[in-house]
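2 protein chains.
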Amino acid sequence: MGNFHTMLDALLEDQEEAVLATIVQVEGSAYRKAGASMLFKKKGRRIGLLSGGCVEEDVFQRISALGDQLTSTLIPYDMRSEDDLSWGMGAGCNGIIHVHAERITQEKRRHYEKVRDCLHSGKAVTSVIKIESSHYLFLTENGHFGNWPDAPLQDIQRTVSTLHLPHFDQTTNMFIQRIEPKPRLILFGAGPDNVPLANLAADTGFSVIVTDWRPAYCTSSLFPKADQLITAFPEQMLSEFQFFPHDAAVVATHHYQHDQTIINFLFSQNLHYIGLLGSANRTKRLLSGKHPPSHFYSPVGLKIGAEGPEEIAVSVVAEIIQTRKRVAVV
Amino acid sequence: MGNFHTMLDALLEDQEEAVLATIVQVEGSAYRKAGASMLFKKKGRRIGLLSGGCVEEDVFQRISALGDQLTSTLIPYDMRSEDDLSWGMGAGCNGIIHVHAERITQEKRRHYEKVRDCLHSGKAVTSVIKIESSHYLFLTENGHFGNWPDAPLQDIQRTVSTLHLPHFDQTTNMFIQRIEPKPRLILFGAGPDNVPLANLAADTGFSVIVTDWRPAYCTSSLFPKADQLITAFPEQMLSEFQFFPHDAAVVATHHYQHDQTIINFLFSQNLHYIGLLGSANRTKRLLSGKHPPSHFYSPVGLKIGAEGPEEIAVSVVAEIIQTRKRVAVV
Numbered sequence: 001m002g003n004f005h006t007m008l009d010a011l012l013e014d015q016e017e018a019v020l021a022t023i024v025q026v027e028g029s030a031y032r033k034a035g036a037s038m039l040f041k042k043k044g045r046r047i048g049l050l051s052g053g054c055v056e057e058d059v060f061q062r063i064s065a066l067g068d069q070l071t072s073t074l075i076p077y078d079m080r081s082e083d084d085l086s087w088g089m090g091a092g093c094n095g096i097i098h099v100h101a102e103r104i105t106q107e108k109r110r111h112y113e114k115v116r117d118c119l120h121s122g123k124a125v126t127s128v129i130k131i132e133s134s135h136y137l138f139l140t141e142n143g144h145f146g147n148w149p150d151a152p153l154q155d156i157q158r159t160v161s162t163l164h165l166p167h168f169d170q171t172t173n174m175f176i177q178r179i180e181p182k183p184r185l186i187l188f189g190a191g192p193d194n195v196p197l198a199n200l201a202a203d204t205g206f207s208v209i210v211t212d213w214r215p216a217y218c219t220s221s222l223f224p225k226a227d228q229l230i231t232a233f234p235e236q237m238l239s240e241f242q243f244f245p246h247d248a249a250v251v252a253t254h255h256y257q258h259d260q261t262i263i264n265f266l267f268s269q270n271l272h273y274i275g276l277l278g279s280a281n282r283t284k285r286l287l288s289g290k291h292p293p294s295h296f297y298s299p300v301g302l303k304i305g306a307e308g309p310e311e312i313a314v315s316v317v318a319e320i321i322q323t324r325k326r327v328a329v330v
Numbered sequence: 001m002g003n004f005h006t007m008l009d010a011l012l013e014d015q016e017e018a019v020l021a022t023i024v025q026v027e028g029s030a031y032r033k034a035g036a037s038m039l040f041k042k043k044g045r046r047i048g049l050l051s052g053g054c055v056e057e058d059v060f061q062r063i064s065a066l067g068d069q070l071t072s073t074l075i076p077y078d079m080r081s082e083d084d085l086s087w088g089m090g091a092g093c094n095g096i097i098h099v100h101a102e103r104i105t106q107e108k109r110r111h112y113e114k115v116r117d118c119l120h121s122g123k124a125v126t127s128v129i130k131i132e133s134s135h136y137l138f139l140t141e142n143g144h145f146g147n148w149p150d151a152p153l154q155d156i157q158r159t160v161s162t163l164h165l166p167h168f169d170q171t172t173n174m175f176i177q178r179i180e181p182k183p184r185l186i187l188f189g190a191g192p193d194n195v196p197l198a199n200l201a202a203d204t205g206f207s208v209i210v211t212d213w214r215p216a217y218c219t220s221s222l223f224p225k226a227d228q229l230i231t232a233f234p235e236q237m238l239s240e241f242q243f244f245p246h247d248a249a250v251v252a253t254h255h256y257q258h259d260q261t262i263i264n265f266l267f268s269q270n271l272h273y274i275g276l277l278g279s280a281n282r283t284k285r286l287l288s289g290k291h292p293p294s295h296f297y298s299p300v301g302l303k304i305g306a307e308g309p310e311e312i313a314v315s316v317v318a319e320i321i322q323t324r325k326r327v328a329v330v
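Residue numbers (full-length UniProt numbering), protein chains in the order written: chain A, 1 to 330; chain B, 1 to 330.
Do not take every clue at face value.
Unchecked claim - Derived pair list, reagent style SDA-like, types lysine to any residue, alpha-carbon separation capped at 25 Å:
id	chain 1	residue 1	chain 2	residue 2
1	B	K303	B	Y217
2	B	K303	A	T140
3	A	K225	B	Q177
4	A	K42	B	A202
Said to hold, decoys possible - FRET-style restraints, in silico, Cβ to Cβ:
id	chain 1	residue 1	chain 2	residue 2	range
5	B	D117	A	H120	51 to 57 Å
6	A	H120	B	A124	45 to 51 Å
7	A	N281	B	H291	42 to 48 Å
8	A	R285	B	Q170	38 to 44 Å
9	A	A216	B	D227	32 to 38 Å
10	A	E113	B	D117	37 to 43 Å
11	B	H291	A	P215	29 to 35 Å
12	B	D68	A	A216	56 to 62 Å
13	A	H164	B	A124	30 to 36 Å
Claimed, not checked - Per the computed footprint, the stretches of chain A lying under chain B, defined by three or more beta-carbons under 8 Å from a beta-carbon of chain B, are:
id	stretch
14	104-116
15	196-210
16	311-322
Derived from the structure by calculation, the hints contain no laboratory data.
The structure presented is a predicted model; accordingly, all values stated were derived computationally and were not measured.
For glycine and all other residues, C-beta sits at the position ideal for the given N, C-alpha and C.
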C-alpha cells in the first residue's frame, strides 16, 4: 500500500474531480496484489500503478467514456493468454485482475480527510466498499463513519477479525481493506552520512523524522525529504515525542553518551525496530550489561556487505521492510 | 568506493585547485574503511565523507593552514578515548584512522582523466601513492602511467597479487588501492514500475542504463538519473551493446517474448547478475527447460516481503550489492 498515502495527499490537495481505481481481486499471479490502487485526476494527473503498464491506459479510457455516469464499477482484465497481445502483451502473467473504479464524491472526499487525520495520529483505518453502489464505510478503533445506512456491521467485523485482508466477497460485493498509517522512521543523528538513509526511506514510503542537537546539521537543505526536523538534545526530544508501535528508529549520532541515552529510552518504548550504528564492541560497551529487546538490531542493516553511506542505507531500509513484513501478519 | 566516481567527476569538471583526502589505514574499528576518500575543492565544495562528521572539519583546517606547501601528508586521528571530546566526541569508535591528504597537481589531474577513460571502458585501475613525496603511479592491464621514475614495479606487482587491497605499507610509505569501474545496472523495460529501481540504483552508485523499444517510455523525464537511454528493440540493442563482467542486468519488460529473447541472450554473456521480474510459473515457462546459470535470480530481489515498486527496488539493489560483495574477493 506504499502509494496509498501519496494518492491520499494528491486527492486532498484540491477539489478537482478524481476517480480511484483499486485491484480488488487477483486470480493466479499478477504484478501487483489486491489492494494496489491508482488515482486518476480530472486534469490528467495519475498517481500509482495497477500493473507494469498493461492496464492503466484502458482503465483511463473506460472511466473517461463513462464520464459522469460512473459511480462504482468492476472491470476484469484477463491476462492469462500468452497469445493475446491486447492486454497481456505476452506478459505471461497468467492471472485475472479485477479492478474497481469509483468516482470520489465531495462527501467521500471529506471522509477521506478524517481518514488522513486518523492515519496521522498513528491509527489504522479499515475501508469497506459495496461495489456497484454508492455505499462505503470507514472503521476506526473508536467507531465508524461513511455513507451506508444499515451497514452489516456484524458481518464486516467477523470478516475483519478472521480473514486475511484485503478481502473481496463476491456474494455480497463487498471489498474490505486495511489502511495502515504511513510507517515512520525516526533518525537520531543528522550527520551527512545519514542523508542517503533519510532520502531512501522517504522514497520507499516512510515518513522520515530527523532529530539532532546541532542546528547546523538538522536542516531541510541537507534533509529535503524529511517530513519533520527536530532540533533538540536527545533528553528533550525523547521526553516530548510520541512513539507509535509501527515506528522504526535508527540511532546514529556518532556520539557515545547521546547514543546510550537514546537507546536506553527507546528500550522502554513500544517500537517495532531499533537499529544502532556502530561496531559490535562499541555496542557492547554502550549496553553495559543490559539485555537488548529482540527488535534491537546492531550492527544495523542486512548483512549484504554494504560499504559507504549509500549502500548502508539500502541494507537498513531492507532490514526494516523485512521486520515490518515479518510481524505484519495482522 | 561508492563515492570515488562522484569525486572523480567533480575533480575533472573544471580546473579548480583541489585536495584529495583518503583513509589509508584503520586500526581498530571506524565508521569508514581504508580507501574511503573525500575531495576538497578550492571554492569550498566537499564531496564524500571520511567519518560520521568527526574529522572532516579538522582535515579542512589543516589543509587550509598548509596552503600551497601541501604536497602529500599523513594525518593520524586517534578516536579511541571515550573521554576525549575533541575528536571522538565520545564516538566510541575505538579506532585510529590515518588520513592521507594530497594536492592534485595539473599533471595528476591529466592522469586522472586517463584513469576515468579506463574506468569507462570497464577496466579497473590500480593506484599507487608514495606518501610524503610527489610520486604516484596508475597501473592498468595494458601498462602504467604517472610520475615515479624508477618505481619499484616488482614489489608493487607482488603486493597487488598477494595482499588484500587497499594496502598501506608503513616501511615503504606506499598506499596501493584498486579503483573498480562504476558498477552498471542495465535495466530492460522502461515501464513506470521500473522508475524507483533506476533511481535507487543511481543513488546507490550504479551507472544505470535503461533500454526499451517504446519511445514514449524511454525518456529522461521518466528516468532522470539514467546515464544512458537506449530506445531499440531487444534484438538490436543486444547485438550492439558491450557487456562487462561486473554488469548487473534486470529484465522487466512485462512482455513475454521480449523477456525470453533477452534472457536467452544474457545467458551467453559474462555478467555477474541477471534478475528476471515475474512469478515462478512464468519464469518456468519462459526458460522452457533451459537450466539457468547460477547468477540468475528469479523471482528477483532479496526475500524481505517487498510490496510495490519502491520496496521491490530496495530488495533488488540489496541483492545486487550482496552478489557483488560475495564474488568481490579479488
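Checked hints:
For the hint pairing B/K303 with B/Y217, the CA-to-CA distance comes to about 29 Å; that exceeds 25 Å, so the pair is violated. Pair hint B/K303 plus A/T140 does not hold up; C-alpha atoms about 32 Å apart against a cutoff of 25 Å. The suggested pairing of A/K225 with B/Q177 is violated, with an alpha-carbon distance near 35 Å, which exceeds 25 Å. At roughly 33 Å between alpha-carbon atoms, A/K42 and B/A202 are farther apart than 25 Å, so this suggested pair is violated.
Between B/D117 and A/H120 the beta carbons are some 52 Å apart, a value that agrees with the proposed interval 51 to 57 Å. In this structure, A/H120 and B/A124 meet the distance hint of 45 to 51 Å, their C-beta atoms being roughly 50 Å apart. Taken as a hint, the range 42 to 48 Å holds for the pair A/N281 and B/H291, whose Cβ atoms sit roughly 45 Å apart. Under the hint 38 to 44 Å, the C-beta atoms of A/R285 and B/Q170, about 29 Å apart, miss the expected range.
Between A/A216 and B/D227 the C-beta distance comes to about 33 Å, which sits within the given range of 32 to 38 Å. For the pair A/E113 and B/D117, the supplied restraint of 37 to 43 Å is violated, since their beta-carbon distance comes to about 57 Å. In this structure the supplied range 29 to 35 Å is violated for B/H291 paired with A/P215, their Cβ-Cβ distance being about 60 Å. For B/D68 and A/A216, the hinted distance range of 56 to 62 Å is not satisfied, since their beta carbons lie about 29 Å from each other.
For the pair A/H164 and B/A124, the supplied restraint of 30 to 36 Å is violated, since their beta-carbon distance comes to about 50 Å. Note: the stretch 104-116 of chain A has 0 residues with beta-carbon separation from chain B under 8 Å; the three-residue rule is not met and the coverage is violated. Against chain B, the stretch 196-210 of chain A contributes 6 residues with a C-beta closer than 8 Å to a partner C-beta. That satisfies the three-residue criterion, and the hint holds. For the stretch 311-322 of chain A, the proposed coverage by chain B is satisfied: 9 residues have a C-beta within less than 8 Å of a C-beta in that chain, meeting the threshold of three.
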